[in-house]
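Visitor: The lines below spell out each chain.
Number of protein chains: 6
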Amino acid sequence: MTRADGRAADELRKVKITRNYLKYAEGSVLVEFGDTKVICAATVEEKVPPFLKGSGEGWVSAEYSLMPRSTQSRNVREAARGKLTGRTHEIQRLIGRALRSVIDLKALGEKTIWLDCDVLQADGGTRTAAITGSFVALVDAVNSIWGENSKPFPIKDFLAAVSVGILPNGVYLDLCYSEDSNAVVDMNLVMTGSGQFVEVQGTGEKGTFTQEELNAMLSVGREGIEILLDIQKETLGQLAWKVGREG
Amino acid sequence: MTRADGRAADELRKVKITRNYLKYAEGSVLVEFGDTKVICAATVEEKVPPFLKGSGEGWVSAEYSLMPRSTQSRNVREAARGKLTGRTHEIQRLIGRALRSVIDLKALGEKTIWLDCDVLQADGGTRTAAITGSFVALVDAVNSIWGENSKPFPIKDFLAAVSVGILPNGVYLDLCYSEDSNAVVDMNLVMTGSGQFVEVQGTGEKGTFTQEELNAMLSVGREGIEILLDIQKETLGQLAWKVGREG
Amino acid sequence: MTRADGRAADELRKVKITRNYLKYAEGSVLVEFGDTKVICAATVEEKVPPFLKGSGEGWVSAEYSLMPRSTQSRNVREAARGKLTGRTHEIQRLIGRALRSVIDLKALGEKTIWLDCDVLQADGGTRTAAITGSFVALVDAVNSIWGENSKPFPIKDFLAAVSVGILPNGVYLDLCYSEDSNAVVDMNLVMTGSGQFVEVQGTGEKGTFTQEELNAMLSVGREGIEILLDIQKETLGQLAWKVGREG
Amino acid sequence: MTRADGRAADELRKVKITRNYLKYAEGSVLVEFGDTKVICAATVEEKVPPFLKGSGEGWVSAEYSLMPRSTQSRNVREAARGKLTGRTHEIQRLIGRALRSVIDLKALGEKTIWLDCDVLQADGGTRTAAITGSFVALVDAVNSIWGENSKPFPIKDFLAAVSVGILPNGVYLDLCYSEDSNAVVDMNLVMTGSGQFVEVQGTGEKGTFTQEELNAMLSVGREGIEILLDIQKETLGQLAWKVGREG
Amino acid sequence: MTRADGRAADELRKVKITRNYLKYAEGSVLVEFGDTKVICAATVEEKVPPFLKGSGEGWVSAEYSLMPRSTQSRNVREAARGKLTGRTHEIQRLIGRALRSVIDLKALGEKTIWLDCDVLQADGGTRTAAITGSFVALVDAVNSIWGENSKPFPIKDFLAAVSVGILPNGVYLDLCYSEDSNAVVDMNLVMTGSGQFVEVQGTGEKGTFTQEELNAMLSVGREGIEILLDIQKETLGQLAWKVGREG
Amino acid sequence: MTRADGRAADELRKVKITRNYLKYAEGSVLVEFGDTKVICAATVEEKVPPFLKGSGEGWVSAEYSLMPRSTQSRNVREAARGKLTGRTHEIQRLIGRALRSVIDLKALGEKTIWLDCDVLQADGGTRTAAITGSFVALVDAVNSIWGENSKPFPIKDFLAAVSVGILPNGVYLDLCYSEDSNAVVDMNLVMTGSGQFVEVQGTGEKGTFTQEELNAMLSVGREGIEILLDIQKETLGQLAWKVGREG
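Line order of the protein sequences matches chains A, B, C, D, E and F.
For what it's worth, the working numbering labels the leading residue of the first sequence as 1217, then goes sequentially.
For what it's worth, the working numbering labels the leading residue of the second sequence as 1217, then goes sequentially.
For what it's worth, the working numbering labels the leading residue of the third sequence as 1217, then goes sequentially.
For what it's worth, the working numbering labels the leading residue of the fourth sequence as 1217, then goes sequentially.
For what it's worth, the working numbering labels the leading residue of the fifth sequence as 1217, then goes sequentially.
For what it's worth, the working numbering labels the leading residue of the sixth sequence as 1217, then goes sequentially.
FYI, nobody ran anything at the bench for these hints, they're computed from the structure.
The beta-carbon is built from N, C-alpha and C at its ideal position, and this holds for glycine as well.
Just so you know, not all the hints are guaranteed correct.
[To be verified] Output of the computed footprint for chain A on chain F, the stretches with three or more beta carbons under 8 angstroms from beta carbons of chain A:
1) 1228-1241
2) 1341-1353
[Claimed, not checked] Some but not every residue of chain C turned toward chain D, in silico, with C-beta under 7 angstroms:
3) K1299
4) G1302
5) H1305
6) E1306
7) R1309
8) S1317
9) T1408
10) F1413
11) V1414
12) V1416
13) Q1417
14) G1418
15) T1419
16) E1421
17) T1424
18) F1425
When you get a sec, could you build the whole thing from the sequences and use the hints?
Guide: And the structure:
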């Protein structure tokens, strides 16, 4: 069960999160899961979507885009087509939903935080990298407006995501593109710092899976998430202490 | 743990599948999960998407739409907006993917089967009703072109879907709209006739969930799926025997 | 001059109007002209188009859509194309205009009533069925907001529509699809309960027509309209008395 | 019954058709009905819409557009909105349908003739001016490809269109914009050189109309059409003899 | 160095500007540079784009469109495509920018003046004709709202534009379409009445150019501009005195 | 005449071009002009636009996009709006045109080379940085398909671009965003390795300029271009020798 890049089946690729990657954004990171590279930029906007106007609550929303040559063959820009693909819709809804699960939107107040996830290079796992990186950018952005405020920090817990898949010869963590193409079952897992599930999305387009296989994927995924959480904490340094702080 | 409509927590709503609901389609059903009503129409088209041309393989694709007054307040037509919402994209991708998991696309040959799922009334669970009903329409459509062909019937297994959710006071099967609005966790489960998972999509936007809660949802969902499979078989009558037939 | 379905030349198909077809709409019917089946849903919205803001007047607007397998071969969804066809524009403008001719928009006040006409099955005459059915849904919707109000009911007269055509061998009422395809001249007629014309649209794409032929079509059409008006009245029962009531 | 511009009730505005208005088009006119001015340009294209490929038949199609300051207040370009209005769709379908009624599409062969109707100034009756002018441009365009061909000229008859309306004080021919705004009933009439009807479109949005009123409108309209036909013939000069020529 | 139409290399085509070409617009001209014909209509709108709301300043914006048969082969309407081409964007941005350079937007106050440039016939130089003609329409439109106001007239200087090109055998002024197609370098020059440059756009797609060639083009262009300015002044008559008037 | 960052008026910002920035593209660079950072990715596609099919000639085309937080306040994605802005159209047309001026499209053969310019950070001069960087990516992409081919290398000359502007107190090279916002005149200059002009685009929206000022801008710009050409050559190393090689 050796992999193309020599990793063990339950081993993550080299993960790196570079903070303050962009000059203007309130929070921004370059997140790398091996050759997968995503810029996550967080913007604080002083308004909310229409359904929240006057509610006192805030919102977190994500947008996702593949750069044309992030992929092996050039993909046509969605701006040139004039509309988003279904895949993009699905991914950006997932990212937004995941991040909203760990933020206290009432405490945030009537603000929207946008997470722009632009994929420079796509070698599998772009959505899980985007969630993992966006969490760090979100912490920075919230911190930029929270400052020395004595109220509890509105981000209640850590959040990371990883992919797991069943290939013909076993369960593998953090699939790269060539593995993903051969996966019989593909799972994306989003979990919090306290070990709760936020999203469990297992899909068997090329095959189906049993309860046992599901459990095996969850178990391997959980281990990967724990390592990602450690990397986030290290990256955030002192700021990590604010997450989940009761005030 | 009594519900608004008197059901038990692990009880499905009244499910009804009416075959041959439309005059022109190769397969069509009206599927009802309580007040949720969806028309599923299957069309056989003698061509395939560009990426399959010349491959000898077929395809199954789904489209989903809410009629404007399927919902409590009128929703604006996507045709009037000029584009699909992210929710529609997500649902129709799910339906297509789920159906493809039980059909032998090579055996089908270079044909596309379209499943049009139009929601007349939306009282929660439209996507699971759409998958469950579309499966029946798909069997009819494939049968219409397969006839007395002695080759194995290309639909390899049954397929049904159900929703399960965690509400503040427990785990519930087949949520209606008012329950769905209060759910802390929402899961959609797609399974085959042989008890394998095809899709497990658990989402905790208003909260998170533990491994134990995940297992409870899977267990309740599995029971619901078994009943749906029985209803499909009864609805299909003699035709049910063709599904998974080895030839 | 016998027809495929055995009807006389001046005979309508079997017409059926089922009220309260949908659970949520303020008014809704399933209208059937033979195999042509259209759902007409009326929605009351507490706002008006920009050009009426502050005028004190209301508006009635219609939208029309063919479900993909309402037709013999699947028609591509307008939502997927991203725009409405010219035919759809033309039909929904006709429906709205026709309904506005019998409602007192000043008495209605600053409200919009939307009529959503979704064609389940299209066997010719969908626009005339849609007008005839929408009228009933409109009465129900207006009644739902008018209640026991002592002011004159704002719907001033009945309204129905029928198609007539010239085929190579004569003038026929209420054409089904196969007849419509062979028609030399096609006319749609909208009339009120008091026998006035609202719309006369005669089109001779495959031929032209004389004054005498025009008169023959109007005469046959008028008879058909009278029967449709009777069916509407019977369907509405007691409520029929409110239409045109002076208060 | 005097009118703002001193015309009699059954009198046309000053009508002028200038041929060869544009340098590049195969046929082109500037048609003026009083202050209403429309450029009609005919283009011969050596292909047909998909539904006619290989049929040996041709097609005639029209496009219609208001220039932004053809109207009293500036109207937003449809190109800027990104889509056509319903009104534009309705008018361009009418123009195309009307022209197709007098051309032998089989004789034309697999060609499309486009009629581009661009309104420079809109003072009522743009669609009837467009049909009347487009007919002349169509004759020129067909002539440009027919030359001295001895086969029957494919344009079988003349074609003109006029509007008639019922105002509070009577029936009027060829309404200008201010009259049109006050019309209770508005009718557009398209007729052939031999006095047959092609389109009768009577609409009573602000009121309804009786059989007698319909007859009065048809009678006044017919007289107007006859004058328009004379103007077309005079404009075409020698070429007028080719229309309807049996070969 | 004789040209197809007998002009000298540094000679303009016959230029004609007809004022008050349209009935409804606040200012309108038909501008002709030889066979190139453009309608320029100026509209005064009592609002400004969002970024100027409350600023007290006005705006000038242009839209440009080729009529389908302004060109040798029919060009598809941008309204039918649903979007503007890059060429259109580029040209209308240029026209707006050029006109804004000679108007005192603060003095104008919170108004937008739209310049609609619709090309009837395109024989090269449509953008320079559009700028030259729009200037005259702009003066008329501003005059229509300025009246006998004693404040300085907000148009500060004259403005005209011309094209110059390098063909294989020399530098030519005001290229017609056939010359433009063979040009190695194409330059558009916009200048004020006082001889200042507003835009210098030299492009060498089929070749490159030296400093000397640039100077030669600027010199020939400047002479052409001077003649255009004279024609504008003559066309405006008395009104020409208001331009640049200090009050 | 000192600048915010201490540069001299005729001094470029720190320029850096990093080759092979992306894993999959045939050529790719990260180009930095100070804080302006643009990824330029070159893709070789084995087909040409319709107007070149069968011509034996190739094409070079560019697309340009600002990432949402490349700018001080977040800009809405063009994919979300569904269309490109005029500014984007203008810039990507400029980039494509400029690159085509130095490539022998016949020698290239029926291939398209796409240049995708994605702006990570926008601090003024993104279009000139994009042209300068794209040239290097283009050389790499052409080299990847040319290999040891003995035919003349199809890139005939070097190409670089720079901005120059007139501020209230003088002429400045390579404006950063804050300078650009205050510029009275803005010029973009594209030149070849042999000192020829490809594009001269001088625009005076906030003012106008004289011949002397134009000359001063061209002179300062030319010096900047020379330094950029040196940086390109150094970056390309050995490969620089192929450019303009006669075979």
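Visitor: Could you run down the list of hints and mark each one as holding or not?
Guide: Here's how the hints hold up against the structure:
{"no.": "1", "hint": "1228-1241", "in the structure": "holds (count 4)"}
{"no.": "2", "hint": "1341-1353", "in the structure": "violated (count 0)"}
{"no.": "3", "hint": "K1299", "in the structure": "holds (5 angstroms)"}
{"no.": "4", "hint": "G1302", "in the structure": "holds (4 angstroms)"}
{"no.": "5", "hint": "H1305", "in the structure": "holds (4 angstroms)"}
{"no.": "6", "hint": "E1306", "in the structure": "holds (5 angstroms)"}
{"no.": "7", "hint": "R1309", "in the structure": "holds (5 angstroms)"}
{"no.": "8", "hint": "S1317", "in the structure": "holds (6 angstroms)"}
{"no.": "9", "hint": "T1408", "in the structure": "holds (6 angstroms)"}
{"no.": "10", "hint": "F1413", "in the structure": "holds (5 angstroms)"}
{"no.": "11", "hint": "V1414", "in the structure": "holds (5 angstroms)"}
{"no.": "12", "hint": "V1416", "in the structure": "holds (4 angstroms)"}
{"no.": "13", "hint": "Q1417", "in the structure": "holds (5 angstroms)"}
{"no.": "14", "hint": "G1418", "in the structure": "holds (4 angstroms)"}
{"no.": "15", "hint": "T1419", "in the structure": "holds (6 angstroms)"}
{"no.": "16", "hint": "E1421", "in the structure": "holds (5 angstroms)"}
{"no.": "17", "hint": "T1424", "in the structure": "holds (3 angstroms)"}
{"no.": "18", "hint": "F1425", "in the structure": "holds (5 angstroms)"}
Of the numbered hints listed earlier, the single one contradicted by the structure is hint 2.
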